[in-house]
Amino acid sequence: MGDSVTAQIPGAQPTDFTITGMFQTGTPLDETMAFVNIGRLQDLYGAGDVITGMGIKLSDPYASEDLANGIDRETGYDAISWMEQNAEILTLLETSEGMVYVFYIIIFGISGFGVANVLIMIVMEKTGEIGMLMAMGTSRRSIMLIFLLEAAILGMMGVVVGCVLGYVASAAIASIIIPIPPEMYFGMDHLPVVIEFKNFISASVFAMVINIIAGVFPARRASKMDPVEAIYSV
0 MGDSVTAQIP GAQPTDFTIT GMFQTGTPLD ETMAFVNIGR LQDLYGAGDV ITGMGIKLSD
60 PYASEDLANG IDRETGYDAI SWMEQNAEIL TLLETSEGMV YVFYIIIFGI SGFGVANVLI
120 MIVMEKTGEI GMLMAMGTSR RSIMLIFLLE AAILGMMGVV VGCVLGYVAS AAIASIIIPI
180 PPEMYFGMDH LPVVIEFKNF ISASVFAMVI NIIAGVFPAR RASKMDPVEA IYSV
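Mapped onto numbering that gives the first Met the number 0, the consecutive letters of the sequence shown carry residue numbers 0 to 233.
FYI, nobody ran anything at the bench for these hints, they're computed from the structure.
Incorrect hints may have been included.
Unchecked claim - Simulated DEER-style distance windows between Cβ atoms:
id: 1; residue 1: Phe-22; residue 2: Pro-60; range: 18 to 26 Å
id: 2; residue 1: Phe-196; residue 2: Ile-119; range: 30 to 38 Å
id: 3; residue 1: Ala-134; residue 2: Met-207; range: 16 to 24 Å
id: 4; residue 1: His-189; residue 2: Arg-219; range: 32 to 40 Å
id: 5; residue 1: Thr-17; residue 2: Tyr-103; range: 51 to 59 Å
id: 6; residue 1: Tyr-61; residue 2: Ile-106; range: 42 to 50 Å
id: 7; residue 1: Glu-96; residue 2: Gln-41; range: 42 to 50 Å
id: 8; residue 1: Glu-128; residue 2: Ser-95; range: 46 to 54 Å
id: 9; residue 1: Val-35; residue 2: Gly-10; range: 15 to 23 Å
id: 10; residue 1: Leu-164; residue 2: His-189; range: 19 to 27 Å
id: 11; residue 1: Asp-29; residue 2: Phe-216; range: 57 to 65 Å
id: 12; residue 1: Phe-196; residue 2: Val-35; range: 24 to 32 Å
Everything numeric in this text was worked out from a predicted model, so none of it was measured.
Glycine included, C-beta positions come from ideal geometry on N, C-alpha and C.
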């Protein structure tokens with residue numbers, strides 16, 4: 000702070016500037032960008048009262064696309080939103096997000112197969128009891144609903160345990176400062192962890208749906224049994 004630097008551009012005299020502050024974005028721009036008084040910069044270039052570009056900060060960053068289109072349409076100036084300027088990075092982030100959802104589907108699919116296996120084993124172990132219930136007049140629909148209810152109960156237990164363990168693990172990770180290279184992550188020097196309850200809700204609903212779907216095959220298998228064969232198979 001307080002030091003002087005000399006700026007020189009082709010066709011102009013060297014000009015001294017005093018450093019009054021430092022900023023860091025965590026990107027390569029830190030090595031090539033400096034902020035100066037616009038009047039002194041215009042004098043350095045000898046451009047008079049002229050500017051070559053302007054940046055606008057919005058309270059809603061997602062409105063930048065509409066604003067850029069409006070400026071293009073109303074003024075004829077070339078306006079570029081931050082989304083268009085960083086299209087490659089956003090595409091990469093969208094691809095990464097898509098891969099995360101693929102992993103979610105795989106995990107929930109494995110969970111569904113686990114529930115289906117458990118229910119199939121129960122159906123095989125309870126074959127005699129299922130036959131007795133049918134012989135006593137229990138409808139096939141009721142038998143199917145019994146096993147679907149069991150799938151829902153198993154799913155609910157898994158959701159409760161998973162949410163509790165997930166919250167504890169997330170809180171533990173959030174309490175630990177995990178350093179990351181700021182030059183690679185736009186100035187962030189540690190891994191940010193945010194616990195969003197909407198993620199718990201969406202995961203819980205999806206898990207319950209998967210578990211109930213996984214219970215359909217064992218439930219149908221139980222409801223299709225022949226009562227006599229089921230009783231004599233014991």
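_Of the numbered hints stated earlier in the document, which are not met by this structure?_
The structure breaks hints 3, 4, 6, 12; every other hint is satisfied.
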